[in-house]
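Asks: Now for the letters of each chain:
Protein chains: 2
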Amino acid sequence: MNSSSLTISLQWLLSLIFLIIFPTCATATPSKLPRLSTILRESETFSELISEDFQTFFYNQTLDHFNYRPESYYTFQQRYVMNFKYWGGANASAPIFAYLGAEAALDSALTGVGFLVDNALQFKALLVYIEHRYYGQSIPFGSREEALKNASTRGYFNSAQAIADYAEVLEYIKKKLLAENSPVIVIGGSYGGMLASWFRLKYPHVALGALASSAPILYFDDITPQNGYYSIVTKDFREASESCYSTIRESWSEIDRVASEPNGLSILSKKFNTCAELNKSYELKDYLETMYAVAAQYNHPPKYPVTMVCGGIDGAPEGSDILSRIFAGVVAYRGNRSCYNTSVNPTETSEGWRWQTCSEMVMPIGRGDNDTMFPPSPFNLTTFIQGCTSLYDVPPRPHWITSYYGGHDIKLILHRFASNIIFSNGLRDPYSSAGVLKNISLTVLAIHTVNGSHCLDILPANSTDPEWLIMQRRTEVEIIESWITQYYADLDATRKRTMFEY
Amino acid sequence: MNSSSLTISLQWLLSLIFLIIFPTCATATPSKLPRLSTILRESETFSELISEDFQTFFYNQTLDHFNYRPESYYTFQQRYVMNFKYWGGANASAPIFAYLGAEAALDSALTGVGFLVDNALQFKALLVYIEHRYYGQSIPFGSREEALKNASTRGYFNSAQAIADYAEVLEYIKKKLLAENSPVIVIGGSYGGMLASWFRLKYPHVALGALASSAPILYFDDITPQNGYYSIVTKDFREASESCYSTIRESWSEIDRVASEPNGLSILSKKFNTCAELNKSYELKDYLETMYAVAAQYNHPPKYPVTMVCGGIDGAPEGSDILSRIFAGVVAYRGNRSCYNTSVNPTETSEGWRWQTCSEMVMPIGRGDNDTMFPPSPFNLTTFIQGCTSLYDVPPRPHWITSYYGGHDIKLILHRFASNIIFSNGLRDPYSSAGVLKNISLTVLAIHTVNGSHCLDILPANSTDPEWLIMQRRTEVEIIESWITQYYADLDATRKRTMFEY
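First to last, the protein sequences are chains A and B. First residue of the first sequence? That's 1 in UniProt numbering, and the numbers climb one at a time after it. First residue of the second sequence? That's 1 in UniProt numbering, and the numbers climb one at a time after it.
Next comes chain A alone, as it looks inside the complex (with noise of 0.2 Å):
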């Protein structure tokens, strides 16, 4: 490998590491992230968690919705999670909250996406999680390793493909229990929160309404200025702590500069107790990047990550260099730990959605002209085709999203087009850079929190939860009631109409 190919590999890696720090609301713990393995304890008491009233079964998918060729019509299990225990019936025309799975296995979104059981009472709703192709036990080709093995196999792992998937699998619920009349609503965060969003657009007459919570649809083409993650980011260590954005600033040179002295990889090795000797500065910056991202995407309450960081590295005791405090930034997010993993442990979630960004989920992320707390790091979209097609043997198509979905314009172009989504945000969360902030007609609605994070809406409810917190999950369920409501009133005029009309 040449020196010049190996630039383009580095900054393309560097690209395509910002863009895999993109979890499902499911994993909106940093417990899951890839890279953070801290609390995967805690993921393991999920089968624990998911009481009897969930119920799996398997859909036999089609593996190519868009073409008729004679490998179109292989099929793959796909796996549904239902929970009939708060469902009105059909014969009530009583609600289906449907969870489109992202970028994961489905388990951690049983627990982990508190929005459908906390309102299924009194929306009296059947519940259904539906597993994303290529993800957890809904892989086609027999196995994960053969259906990621080459192109040919890879290529039909996409977001159409999954939203024609999700399609048939609730055309499929809705027809076997007779309730071709219960609207349903499709929920989804992050990834999955756009694919609620093109649902609703694509496919009106399965979704009444969609809650697309932390959506960053406009994160495609030129929509979004590519600094626009990490200005957040920024933002948000600065707002907890100008000490600390200084701090972190001014670290990135300084592990540079012990970096190029005799045996510096050592020495920061040493400082950052690394549980391997680095092998080169950028794996340390890396990890520091991306923890600080993380902390401030999933900036919740009670803990507030990016409080917690700031306080280990304005806490360190007085007179403590540059590097010590970001030190004890890391140890006062992580833990008191023997030591501090600092490699890339590749994970289902990880590998999945690097082939996703590198095959049309292209968000151009990157630090352009920088006005951030990081080092400057462009994004290229010439080395970013160039790293996934020698990565992947076909490149990217990176417009297709804004063909198929849209994105430009979206306020003239869905204001009298389209209705019943919620585009929810966190303004603290990096993503809501791309996210969709105004209103764009009566019922294309966007709600948004000043303090809030990545997905927090759709987590759980928690006695701890502030006030805005809960009236932003309030406000929601009052616009998806008058959905319903509005409904329930359509369907009876229709009905009326057909009775009495013909």
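Worth double-checking, as some hints may not be accurate.
The list treats identical chains as one, so a pair stands whether inside a single copy or across any two.
[To be verified] Subject to a maximum C-alpha distance of 20 Å in a straight line, what follows is the list of computed EDC-like cross-link-like pairs (lysine to aspartate or glutamate):
no., residue 1, residue 2
1, Lys-280, Glu-250
2, Lys-149, Glu-71
3, Lys-149, Asp-371
4, Lys-124, Glu-52
5, Lys-438, Glu-348
6, Lys-174, Asp-492
7, Lys-124, Glu-180
8, Lys-411, Glu-250
9, Lys-271, Glu-250
Hint data in this document are derived by calculation from the structure and do not stem from the laboratory.
Here the structure of chain A is known, so what remains is to put chain B in place on it, guided by the hints.
Replies: Just chain B, lined up with the frame of chain A:
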């Protein structure tokens, strides 16, 4: 082939024949219908009629928009034609009228679909005509023979890919001409009308509105009774002449009776002056059935083909027997010929459309509990699937159209979703039985005429046009004008917001 599979094949062939009587509006004169080659000379003059204002271009189109397999990236040259003569230009955000090609080569649309040229001056519109993939000069895999050869290459030939093609071409044109703010109105007839309405539903960010002429979007699943089509054919004939209707109604058993005599087929061949000796009585019956259906579908002024046929039948010399009357109807409609060709000559359109109806465009047109003037011929889905599968190796997906585009409870679903679609119909068109005939909302509108026929409103305006047709077109133009006026106001408001708020 044993007798039961022969029965299946025959039933299936009959089902299919009904489905392939479905030409685009551009072929709305019977001239270009399969098996009606009479006026083919007319179509040869197309190239002379097309002025120099029409410029032909080719777009490097993606074969498979919905997957990321290596084969998905194959490209083909897609033809589109533009006419700049009337365009007000990008600076004025002058509109774009886009004709969405249907199941035929594009050529005939340039002169055959008059709505665009007829209204271009008033709207200062750029005219764009885009050819449908796998027709005309827009063929992947090098040639039509290669493209249709096997299940793998045919499999990309479908409506979802076709409208994604249109989105890409239109976005490319708008970008190239710096006309991002020019509103696009998509226009199509028959299958192309379905595509136009579906395009507005799926790509509202590309098209501001759609004129869907004679689009039977409700002829899927069980939304429309299978008899719909032939009930209207029957009604058309009965309204033209009760005696004509009775004669036709009685003719089928008479054909069967004669056919069962010694030398019966020979007698029928002579009686109907067929160019080739009939091999089966259904060849004659199918020939007649198609003639009646086509006469009804294109029963337009000033000649009114149904009136022509019935003029022949009713005007036969007194004392003529039933079959002589029927033959007099053939002569009245087809003109005096040395012989009448009852055999089916496959065309690009009939072959392409047969695949389309055998894969996704499964319209259950038949005659079940028969109230028509035709012999019973129930649509049998099982038989249909068997026939298509043996022909094309892959089975149809009879429910995909309603899964992807909707159709059930259309008023309930679209009343508060979507905008800017005109569904235009003529009630004498048998396909109007599956058209949208009632307004869905203030901007999703049904415009029909009692006496209109298939796609009549988008054919070229003519000095002989009756008042009701002139009025229908004027109403459509006024509606489209109102969409565009509203759009400019919205655009203006958006720009002001951008200027003053940010």
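Asks: If a hint holds in the structure, say so; if it does not, say that too.
Replies: Results for each hint:
1. Only within a single protomer do Lys-280 and Glu-250 lie at most 20 Å apart by alpha-carbon distance; the minimum there is 19 Å, versus 91 Å between protomers.
2. In this assembly of identical chains, Lys-149 and Glu-71 lie within 20 Å of each other by CA distance both inside one copy and across copies; the values are 16 Å within and 16 Å between.
3. In the homo-oligomer, the alpha carbons of Lys-149 and Asp-371 never lie at most 20 Å apart, since the shortest distance is 40 Å inside one protomer and 58 Å across protomers.
4. In this assembly of identical chains, the alpha carbons of Lys-124 and Glu-52 lie at most 20 Å apart only when taken from the same copy (18 Å versus 65 Å across copies).
5. Taking CA atoms no more than 20 Å apart as the test, Lys-438 paired with Glu-348 passes in neither setting, with 35 Å inside one copy and 50 Å between copies.
6. Taking the closest pair of Cα atoms, Lys-174 and Asp-492 come within 20 Å of each other only inside a single copy of the chain (19 Å); across copies the shortest separation is 43 Å, beyond that limit.
7. Taking the closest pair of Cα atoms, Lys-124 and Glu-180 come within 20 Å of each other only inside a single copy of the chain (16 Å); across copies the shortest separation is 46 Å, beyond that limit.
8. In this assembly of identical chains, Lys-411 and Glu-250 lie within 20 Å of each other by CA distance neither inside one copy nor across copies; the values are 40 Å within and 61 Å between.
9. Only within a single protomer do Lys-271 and Glu-250 lie at most 20 Å apart by alpha-carbon distance; the minimum there is 17 Å, versus 99 Å between protomers.
Of the hints listed earlier, those the structure fails to meet are numbers 3, 5, 8, in rising order.
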